[in-house]
Amino acid sequence: MSMRIAVALAAAFGIGVSTAAEAAPDIVGFHGDYSPGTIVVKTNERRLYLVVEQGRAVRYPVGVGRSGKQWAGTTRIDGKYLNPAWSPPSEVKRDKPSMPDIIPGGSPRNPMGVAAMTLAGGEYAIHGTNMPGSVGGFVSYGCIRMLNDDISDLYQRVSVGTTVVVTR
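Per my numbering, the very first residue in the sequence shown carries number 1; after that it's consecutive.
Simulated from the structure, these hints should not be mistaken for laboratory data. Given the structure is predicted, the values throughout are model-derived calculations rather than measurements. Watch out, some of these pointers could steer you wrong.
[To be verified] Taking lysine-lysine and the DSBU-like style, the derived pairs with C-alpha atoms no more than 30 Å apart in a straight line are:
| id | residue 1 | residue 2 |
| --- | --- | --- |
| 1 | LYS93 | LYS80 |
| 2 | LYS69 | LYS42 |
| 3 | LYS69 | LYS80 |
| 4 | LYS42 | LYS80 |
| 5 | LYS96 | LYS69 |
| 6 | LYS93 | LYS42 |
| 7 | LYS69 | LYS93 |
| 8 | LYS96 | LYS42 |
| 9 | LYS80 | LYS96 |
[Unchecked claim] Derived DEER-like restraints, expressed as beta-carbon distance ranges:
| id | residue 1 | residue 2 | range |
| --- | --- | --- | --- |
| 10 | VAL52 | SER98 | 42 to 48 Å |
| 11 | VAL160 | PRO104 | 19 to 25 Å |
| 12 | SER67 | SER90 | 15 to 21 Å |
| 13 | ARG109 | GLY73 | 28 to 34 Å |
| 14 | SER107 | ASP149 | 34 to 40 Å |
| 15 | GLY122 | GLN54 | 25 to 31 Å |
| 16 | ARG66 | SER35 | 26 to 32 Å |
| 17 | GLY37 | LYS96 | 34 to 40 Å |
| 18 | ILE102 | GLU45 | 30 to 36 Å |
| 19 | GLN70 | ASP26 | 19 to 25 Å |
| 20 | TYR141 | ASN83 | 18 to 24 Å |
| 21 | ARG56 | LYS96 | 16 to 22 Å |
Quick reminder that beta carbons are idealized off the backbone N, C-alpha and C, glycines included.
Construct all of the structure, not just a fragment, from the sequences and the given hints.
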């Protein structure tokens, strides 16, 4: 059955349809020399891992930087915000000059979704989204984009100061 037919049937009968980007976070085997509590974003996989113990992590699908907007490195969460307002960075404003200077938190047009965790040393964040279909793609200006349910889950699991490692 095609996805279009499945979505039409789901809408007609009021049932949900799950796609890969809508999957709940999984506990998975994870290899790497990271301490429990570390967030690891594997850009090439479009996945975020929260290491819970040696050899195991919670895995979430994410949207990552598009071509030319990707980065790699180690940073820390320096702020946590629920229903954050959003001001487009200068690069976004340059590319989309008609964008408002600020979009209030809770607005359906706010690209930060229900929560955001800012990253030290730049204009990047791990945040929810108002465009769930973009999760799983190379879509952002460098931020890590999550489904709102997933950012809500991760937000509860980590604190300011959590180490974030982004790899390509």
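Check each numbered hint from earlier against the structure, then list the numbers of those it violates in ascending order. 14 and 21
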